[in-house]
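**Student:** Since chain D is already given, all that's left is putting chain W on it; use the hints.
Read top to bottom, the protein sequences are chains D and W.
The first sequence begins at 1 in my numbering and counts up by one.
The second sequence begins at 1001 in my numbering and counts up by one.
Bear in mind the hints are in silico, worked out from the structure with no lab data behind them.
Some clues are possibly wrong.
To be verified - Short, incomplete list of chain D residues facing chain W, as computed with Cβ under 10 Å:
no. : residue
1   : 31
2   : 34
3   : 38
4   : 41
5   : 150
6   : 153
Unchecked claim - One side of the interface only, derived from the structure: several residues of chain W facing chain D at Cβ under 10 Å:
no. : residue
7   : 1025
8   : 1028
9   : 1030
10  : 1058
11  : 1060
12  : 1070
13  : 1072
14  : 1085
15  : 1087
16  : 1088
17  : 1090
18  : 1115
19  : 1120
Beta carbons: idealized from backbone N, C-alpha and C, even for Gly.
So you can see what is in the structure, the chains are spelled out below.
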Amino acid sequence: MTPTRSLITIDELGTDGIIRILDLADHMAEVNRRPNPKVPALRGRTVCSVFFEDSTRTRLSFETAAKRLSADTMTFAVSQSSLSKGESLRDTIETIAAMGVDAFVVRHRSSGAPLMIDAWTQASVINAGDGWHAHPTQGLLDAYTVRNSLGRSGGLEGLRMAIVGDVKHSRVARSTVAAMRLLGVHVTVVAPRTLLPPDVGDSFADAVTDRLDDVIGNIDVLYLLRMQQERMNEALVPSLREYTSRFGLTAERAAALSPQALIMHPGPMNRGVEIAVDPGELPGAVITKQVTNGIAVRMAVLFDLLGSGAATSSPDLITEGGSL
Amino acid sequence: MVVEKRVLGSDDVRRAITRMAHEVIERNRGLDGVVLVGIQQGGVWLAELLGAEIARIEHAVPVGAVDASLYRDDIGLRPVAPGSVSDLSFDVDDSTVVLVDDVLYTGRTVRAAMDAVGDYGRPRAVQLAVLVDRGHRELPIRPDFVGKNLPTSTEEDVEATVDGVIIS
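Okay, chain D solo, but in the shape it has when bound (with noise of 0.2 Å):
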């Protein structure tokens, strides 16, 4: 097997990086659970985050993480930077390359800024959200998010879940309904037509619907979208009202949830539009852990780039029964 590298989309893991990326986040989530919630295994290691976007929870789980495997961090503040002066994308990875990185965390508004990096650079580079394109980390704290509260290991065989909202713009929505595809899940999306990406059809979900009301009853994770305040403008939905009747998770629709059922959400929430009731009282809303675990799954992403034996060693270096 041919290493990855770097982390830009979780289509290039497959089913079996993915199982490998959550086997380790079960290390990383005992790791976080101890009251000194630090390992060595990345001393002497430098991540620099790269952050085109704004972000807060993202950024400092990845900076969190980082650190918790004791890897060196450095932040990269767009706005105080060169490129206000002039100087183009590439030069500054270069400069900053130059001064011992191993990994960049890259955010960007573009899609594909991330894999552009790559190729400038010797680095590791970890998508950490271009454009509508892809989220791969949020995708696989999800799906450990998953695997973690049904308690079960290895795939996902046999679930079915929903997402919902507006898929067309969410770079969210892809990396998980493709991460929980490989997993062996059953995706449903379910969207105004408006908010339905072009390629819904052939690939991109198990099946798809405007009424949230006909599936809600008979899956196993409901995954709600934020719900873009600017696609009002845009005329893509009428009103944030009627979206919520038809879209939102409201009390009728947690009432008719399995008991059983887990509530998704990436945050930020918005708050009465895609969720209508305090999921605090939902006893299936696992949105906090999604952030907690996000942790863990990024402190398993960078030692599997970084770190682990994935990276450098082939099986037979491994002795035997040999206390290496």
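**Tutor:** Frame of chain D; chain W shown alone:
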């Protein structure tokens, strides 16, 4: 061609574990504060059998497991094994931790495991029990309880299970 040589049978392993259990109790003058911690993955079955034997002779002691893979100085040479997560559900502060592994070789795994245990607390003492000591240490580490001293060459592999010890 790989030649396999069985140096201990399952009865030998069982007897060695019984003797090591007696030695743990004798050395610690009882079992006050003694906990067993198997090193993932090879030491876990041995820690469980040693714990069962100690429970039969005197009384039960806590048995846990520690994953040293995130503490290794040769990260990259050994992948992390799925399912081999640390499980230390007891307090190691002021306990006497007996680290347990199947085969003692360079000592690097034991060094990593000591660091890992140290992140959970400050044991009063750490001791080391191994089923097989095959030599070739690269660190100043010495076992307190040994099932079998087994001189080997670095070209050989040693496999220790409940069914016996095989050199190939």
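**Student:** Run every hint past the structure and note whether it holds.
**Tutor:** Quick rundown of the hints versus the structure:
1. 31: holds, 7 Å
2. 34: holds, 6 Å
3. 38: holds, 7 Å
4. 41: OK, holds: residue 41 (chain D) within 10 Å of chain W, min 4 Å.
5. 150: violated, 17 Å
6. 153: holds, 7 Å
7. 1025: With a minimum Cβ separation of about 25 Å from chain D (threshold 10 Å), the hint on residue 1025 (chain W) is violated.
8. 1028: violated, 24 Å
9. 1030: The hint is violated - residue 1030 (chain W) has no Cβ within 10 Å of chain D, the shortest such distance being about 29 Å.
10. 1058: Violated: closest Cβ of chain D sits about 29 Å from residue 1058 (chain W), beyond 10 Å.
11. 1060: violated, 24 Å
12. 1070: holds, 4 Å
13. 1072: holds, 8 Å
14. 1085: Where the cut-off is 10 Å and the nearest Cβ of chain D is about 5 Å from residue 1085 (chain W), the hint holds.
15. 1087: Since chain D brings a Cβ to about 8 Å from residue 1087 (chain W), closer than 10 Å, the hint holds.
16. 1088: Hint holds; residue 1088 (chain W) Cβ to chain D Cβ min 9 Å, cut 10 Å.
17. 1090: Cβ of residue 1090 (chain W) sits 13 Å from chain D, so the hint is violated.
18. 1115: Since chain D brings a Cβ to about 7 Å from residue 1115 (chain W), closer than 10 Å, the hint holds.
19. 1120: holds, 7 Å
Against the hints set out earlier in the document, violations occur for numbers 5, 7, 8, 9, 10, 11 and 17.
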